[in-house]
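A.B. asks: So the protein sequences, as listed, match chains A and B.
Numbered by the working numbering, the letters in the first sequence go through residues 5 to 263 in order.
Numbered by the working numbering, the letters in the second sequence go through residues 13 to 292 in order.
No lab work stands behind these hints, which were simulated from the structure alone.
Values in this document were obtained by computation on a predicted structure and should not be read as measured data.
Do not rely on the hints blindly, as some may be mistaken.
[As the list claims (entries may be wrong)] Listed next, the in silico DSS-like pairs over lysine-lysine satisfying Cα-Cα at most 27 Å (straight line):
| id | chain 1 | residue 1 | chain 2 | residue 2 |
| --- | --- | --- | --- | --- |
| 1 | B | 84 | A | 16 |
| 2 | A | 142 | B | 186 |
| 3 | B | 84 | A | 143 |
| 4 | B | 46 | A | 16 |
| 5 | A | 142 | B | 84 |
| 6 | A | 15 | B | 84 |
| 7 | B | 186 | A | 143 |
| 8 | B | 242 | B | 219 |
| 9 | B | 213 | B | 242 |
| 10 | B | 164 | A | 143 |
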Amino acid sequence: MPIATLDAAAKKGVAAVQQYSLLSARALANLFRRPFYGADIITQADLIGIGSLPIVILTGLFTGGVLALQSASTLSEFGAAAITGELVSLSMIKELGPVLTSLMVSGRNASGMASELGSMMVTEQIDAMRALGTDPHKKLVMPRIVATIVMLFFLTIVADAVGTLGGAAVAIIMLRQDASQYFHTTYQALRYRDVTQGLVKPLVFGFIISTIGCYYGMSTTGGTQGVGRSTTQAVVVSSVLIIAVDFVISQFMIGIVGR
Amino acid sequence: MADLALQAETPPSQVHPDAPAVRFEHVSIGFEGKDVLEDLSFDVQRGETRILLGPAGVGKSVLLKLANGLIKPDSGRIFVFGYEVSAMREEDLFQLRESIGTVFQEGALFDSLTVRDNVGYRLMEQHLPDEEIDQRVTEALRFVELEHTLTKFPSELSGGMRRRVAIARAIITKPDLLLYDSPTGGLDPITSTTIIELVIKQRDVYKTSSLLVTHRLQDAFMLVGHRFDKETGQMEPLPEGQTDPCTSFLMLHQGRLVFDGSTHDLVHSNDEFIQQYLTY
Numbered sequence: 005m006p007i008a009t010l011d012a013a014a015k016k017g018v019a020a021v022q023q024y025s026l027l028s029a030r031a032l033a034n035l036f037r038r039p040f041y042g043a044d045i046i047t048q049a050d051l052i053g054i055g056s057l058p059i060v061i062l063t064g065l066f067t068g069g070v071l072a073l074q075s076a077s078t079l080s081e082f083g084a085a086a087i088t089g090e091l092v093s094l095s096m097i098k099e100l101g102p103v104l105t106s107l108m109v110s111g112r113n114a115s116g117m118a119s120e121l122g123s124m125m126v127t128e129q130i131d132a133m134r135a136l137g138t139d140p141h142k143k144l145v146m147p148r149i150v151a152t153i154v155m156l157f158f159l160t161i162v163a164d165a166v167g168t169l170g171g172a173a174v175a176i177i178m179l180r181q182d183a184s185q186y187f188h189t190t191y192q193a194l195r196y197r198d199v200t201q202g203l204v205k206p207l208v209f210g211f212i213i214s215t216i217g218c219y220y221g222m223s224t225t226g227g228t229q230g231v232g233r234s235t236t237q238a239v240v241v242s243s244v245l246i247i248a249v250d251f252v253i254s255q256f257m258i259g260i261v262g263r
Numbered sequence: 013m014a015d016l017a018l019q020a021e022t023p024p025s026q027v028h029p030d031a032p033a034v035r036f037e038h039v040s041i042g043f044e045g046k047d048v049l050e051d052l053s054f055d056v057q058r059g060e061t062r063i064l065l066g067p068a069g070v071g072k073s074v075l076l077k078l079a080n081g082l083i084k085p086d087s088g089r090i091f092v093f094g095y096e097v098s099a100m101r102e103e104d105l106f107q108l109r110e111s112i113g114t115v116f117q118e119g120a121l122f123d124s125l126t127v128r129d130n131v132g133y134r135l136m137e138q139h140l141p142d143e144e145i146d147q148r149v150t151e152a153l154r155f156v157e158l159e160h161t162l163t164k165f166p167s168e169l170s171g172g173m174r175r176r177v178a179i180a181r182a183i184i185t186k187p188d189l190l191l192y193d194s195p196t197g198g199l200d201p202i203t204s205t206t207i208i209e210l211v212i213k214q215r216d217v218y219k220t221s222s223l224l225v226t227h228r229l230q231d232a233f234m235l236v237g238h239r240f241d242k243e244t245g246q247m248e249p250l251p252e253g254q255t256d257p258c259t260s261f262l263m264l265h266q267g268r269l270v271f272d273g274s275t276h277d278l279v280h281s282n283d284e285f286i287q288q289y290l291t292y
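So here's chain A without its partners, still in its complex pose:
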């Protein structure tokens, strides 16, 4: 019956939200409890942060470049090509830098977390860890959350910087704009509240990516097929959540800081 199916689906959805919330709360609470797995945080930071650097740099570079390319032609019609730098820096720092970096990291790392933890679940390695006296939320989940939040913050800064440079390269070399004018407008247009908005987002997105990846990993069932399913769902859900939450944060921050 359709109503029974809807009822079951609704219950499943609510249960999933409950489990996700419990996992996130436990992982955050474990930050202040012994044992503290500092070495695991460093390892994850290296895998997530340094490992994602190449794709973040490439993404930032080409995004900044295409922004300059696309915007310059439109701005020229209004005689405003001189503010190409302002448009590139504001777009990158407030929006595209955090969002595109997070989407790249989500595709790379949410899937990695879900597949690694999911494989451990279906081969009883998580149960073995618990049987050996180690809390998998402390050992596996918490380091990934901390590492992702911290590294995504710095990766976003890298993406913003490289994006601005990418825009500069296009504006100066291809569009023959004045270099000092480009960098001058880039810098002048920025306010602290723009930078604040652009750096609050990766903290939230980092939390989303890691908790979603770990949640799907830790709730994997059904063998290798289940691992594949978890991996796909982790990327899809975290990507959609990033975009949705970006809207909410933007609205919230604009309401607080005014722009």
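We have chain A; now place chain B onto it with these hints.
C.D. replies: For chain B alone, coordinates are given in the frame of chain A:
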């Protein structure tokens, strides 16, 4: 039995010395609306080995995970060394599990760690010195005759070797209770014999209380019909008609306990299912 706070200085198994190693009291559990285990009650006394028989999918592994507190029952109570594991928090269970060694069905070794790190995992988490870890890991691997595999990864080992490493990992802290989940599942007869030899060795040398789950009768009867000779260092059959007095049986059928007793009673049971199972 009162569920007292675990005392830091005394090993959990010694806090209630008169309590059985494991006690199930009217334990039931179900998944997705279906009953898996119904109203189970049995004991595993100190120093006893209990073999849990039953067809595949009857809930034997679930029972073992209940005993270790990895899952909670829907009703009933479970005690390990007098502690009510069915009511304990996960943080308190970690301390109790120092007295429990578990051998999982496929070994459940950590595939990104070497054999040395797998076997010494608990010791590494306790931040013991590397020299002590190496010494105790070597000792545990010597027991299972795999000293030469220290630097290997689980993917480089055969199925039988992985089970032996899992046994080494379970026994390294000299636990007072061992839980074996189908330790010979999927292995050839020769390798299975090697694994059962190790279980017999552990039983007879260290007198560890054990709960062993299997659906293989040949492994069960080897356990009751053989002993480990400490002088020769070999497994040998018991005299004709004799069985190990500390080893007895439990049998599950459709989620219920249909047998709890000695080898003699099992073999001479009039229950139709048991007779059918034994002649299979």
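A.B. asks: Work down the list of hints and note, for each, if the structure agrees.
C.D. replies: Here's how the hints hold up against the structure:
About 20 Å separates the Cα atoms of residue 84 of chain B and residue 16 of chain A, which keeps this hinted pair within 27 Å; it holds. For the suggested pair residue 142 of chain A and residue 186 of chain B, the alpha carbons sit about 26 Å apart, so the restraint of at most 27 Å is met. Proximity of residue 84 of chain B to residue 143 of chain A is assessed by CA-CA distance (about 22 Å); at most 27 Å being required, the pair is judged to hold. About 17 Å separates the Cα atoms of residue 46 of chain B and residue 16 of chain A, which keeps this hinted pair within 27 Å; it holds.
For the given pair, residue 142 of chain A sits about 21 Å from residue 84 of chain B by alpha-carbon distance, which is consistent with the 27 Å threshold. This hinted pair checks out: residue 15 of chain A and residue 84 of chain B have alpha carbons roughly 21 Å apart, not beyond 27 Å. Pair hint residue 186 of chain B plus residue 143 of chain A holds up; C-alpha atoms about 24 Å apart against a cutoff of 27 Å. Using a Cα cut-off of 27 Å, the hinted pair residue 242 of chain B and residue 219 of chain B holds, with the two alpha carbons roughly 13 Å apart.
For the hint pairing residue 213 of chain B with residue 242 of chain B, the CA-to-CA distance comes to about 9 Å; that is within 27 Å, so the pair holds. Between the alpha carbons of residue 164 of chain B and residue 143 of chain A the distance comes to roughly 23 Å, so the proposed pair stays at or under 27 Å and holds.
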